[in-house]
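Throw the hints in and build the complete structure from the sequences for me.
This is what each chain is made of:
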Amino acid sequence: MILKIECLTKRFGGIHAVKDCSLEIEREKITAIIGPNGSGKTTLFNLISKLLKSNDGHIHFNGKNITKLKDYEISKSGISRTFQDVRLFRNLTIKDHLEISLSNSDESIFKSLFKDKPNNAERIDRILKLVHLKKPLNTLVTDLSYGQRKLLDLAMAIAKPHSLLLLDEPVAGVNPVLREEIKEIIKNLNKNKGTILLIEHDMNFVMDLADYIFVMDAGKIIAHGEPAEIQSNKKVLEAYLGD
Amino acid sequence: MIENYLIHILILIGIYIILAVSLNIALGYTGLLNLGHIAFFGIGAYTSAILTREGIPFILALIISCIIAGCFGFLLVWITKRLKGDYLALATLGFSFLIYSLMLNLSSITNGPLGISGISRPNIFGYFLKSNFEFLLFVIFIAIISCMIMYAIIKSPFGRLLHATRDDELGLRVLGKNTIKIKYKAMIISSLFAGLAGSLFAHYNGYIDPTSFMLNSIIFIFTIVIVGGIASFKGSIIATFILFIIPELLRFFAIPSHVLGPTRQIIYALILIGILLFKPKGLFGRIDLE
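Line by line, the protein sequences give chains A and B.
Numbering-wise, our numbering puts 143 at position 143 of the first sequence, and it's gapless, one number per residue.
Numbering-wise, our numbering puts 1026 at position 26 of the second sequence, and it's gapless, one number per residue.
These are computed hints drawn from the structure, not numbers from a lab.
A portion of the hints provided could be inaccurate.
[Unchecked claim] Straight line, CA to CA, 16 Å or less: simulated EDC-like cross-link-like pairs of lysine to aspartate or glutamate: (1) B/Lys1155 / A/Asp96; (2) B/Lys1155 / A/Asp116; (3) B/Lys1181 / A/Asp20; (4) B/Lys1155 / A/Glu107; (5) B/Lys1183 / A/Glu107; (6) A/Lys29 / A/Glu181; (7) B/Lys1181 / A/Glu107.
[Said to hold, decoys possible] Not everything, but these chain A residues come out facing chain B in the computed CB check (under 10 Å): (8) Lys53; (9) Glu73; (10) Ser77; (11) Glu99.
[To be verified] Some chain B residues flagged as far from chain A (calculated, every beta-carbon gap over 10 Å): (12) Ile1050; (13) Arg1053; (14) Leu1098; (15) Leu1104; (16) Leu1106; (17) Ser1107; (18) Phe1158; (19) Ile1182; (20) Ile1189; (21) Asn1205; (22) Ser1217; (23) Lys1234; (24) Ile1238; (25) Phe1241; (26) Arg1251; (27) Pro1256.
Ideal Cβ placement from N, Cα and C applies to all residues, glycine included.
Right, here's the structure in full:
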């Protein structure tokens, strides 16, 4: 087990966005969190990556309690993530984005100025091939299409050293061809022993990809199991399809 | 006669290039809307003037001025680290007024509104820079070294993080970068060089008082950075020349001296409005601010 969440709670005023949420994520598996709009999936992601502070509960990652860490410390501990609405640096190039993701010494001015800069050209080339992003390295992100920005966001999350990858709606708003490409990228990452936790609305995408699924509704985990179990779960059908 | 006048203008240009480029580090590269930059200039000027008055050698006073200004830069980020945009601008403007007020009221140290006069010319390891021409050479040397250091920083991997902090701070934090620390470092570099410019200014002028470090001076250096282009190194340098030379051309017209000052302010304002309306990225800027 790589990630263990215990009784995690987040309230916005009197509303429970996440309530007593507990789950465990296995290593080298693709785990998905699904649920209707407003069920608390993205809030849960934001709690894990500490963009939001929980009111209660604990998060353990690689056996270490990371509940009190800051957002950048969580990232440094090995959790990498993407966003539904990609967060890129509008005045930087593709190369700049990947260099920032790969580097772990750029925060020091001294090392930045005097230490030999690692040659990341090969790694950058490999990552861009992995995500099928075929654009010149000096392209500004403002010159990329929405789909290409999604791929760059994914490339950055992969490039950053990590042992758990959180993907927030990786195929939201992309065309069917790119959707299949992203599915293959995620499968390849998993084949290379990657551990992936993803949120996605597209049920077919999730059922085809995930090894294990958690279903959320009104901030709680209402069911979990393998895709086949989830598809026939009555509670899930009620919550998700409104039956 | 004309030579002395040209040397005088070039010395001021050299000092203001350091001031403008250092403001661009915080404002343009890191996205910190810092209206307190002029305070660092004043801190550098006063520190250096006071220390040399007490018999401290010029070079040591210059270094201490940079360090003290850098410490105030650290303090300003420490106070404002949770603020952004308009709130940060207001807080830094408040900082600028606070420093101005201290210069005005700490009379036992700063001599209050009368200012400090008789500030000695630089004495560098026994060599006294008596003439303005020698001072110009010294300013050119310091300006080149300062610009080289700041250029090396912004072109380094750390400089890339400054751009990223400005564009999307949260996006950078989830990549494992401590953006607060990055902002501290950017502001310390920026204030340190502003302090250096302040020290040069004090020792060139020979006299400083709090009015040299007021709001209109902030507007002037902001105008330089905006006209040159946000996050454009070359732009800040060229805009300093342009904004010094254009108003100086007025001297060749028979304008009374009491009209000359306000006319300059009007020219700066017109240039600023013109740039914002017709070339919002500045003359050499590429940065697209949301």
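Given the proposed pairing of B/Lys1183 with A/Glu107, does the C-alpha separation stay at or below 16 Å? holds, 11 Å
Given the proposed pairing of B/Lys1155 with A/Glu107, does the C-alpha separation stay at or below 16 Å? holds, 13 Å
B/Ile1189 and chain A, when compared Cβ to Cβ, separated by more than 10 Å: With a cut-off of 10 Å, B/Ile1189 comes too close to chain A, as the shortest Cβ separation is near 8 Å.
Quick check on the hint: A/Lys53 CB to chain B CB, less than 10 Å? violated, 14 Å
10 Å Cβ clearance of B/Leu1098 from chain A: holds, 28 Å
Hint consistency between B/Lys1181 and A/Asp20 [alpha-carbon to alpha-carbon, up to 16 Å]: violated, 34 Å
Given the hinted pair B/Lys1181 and A/Glu107, is their alpha-carbon gap at most 16 Å? holds, 8 Å
10 Å cut-off, C-beta based - B/Phe1241 kept clear of every residue in chain A: Holds, since 26 Å exceeds 10 Å.
Consistency of the no-contact label for B/Leu1104, given chain A and a CB cut of 10 Å: holds, 35 Å
Interface-negative label, B/Ile1182 against chain A, beta-carbon threshold 10 Å: violated, 7 Å
Per the stated criterion, does the least C-beta distance between B/Ser1217 and chain A lie above 10 Å, as a non-interface residue requires? holds, 28 Å
Checking the smallest CB distance to chain A, is B/Arg1053 really beyond 10 Å? Given that every Cβ of chain A is farther than 10 Å from that of B/Arg1053, nearest at about 33 Å, it holds.
The structure fails hints 3, 6, 8, 18, 19, 20 (numbered hints given earlier, in ascending order).
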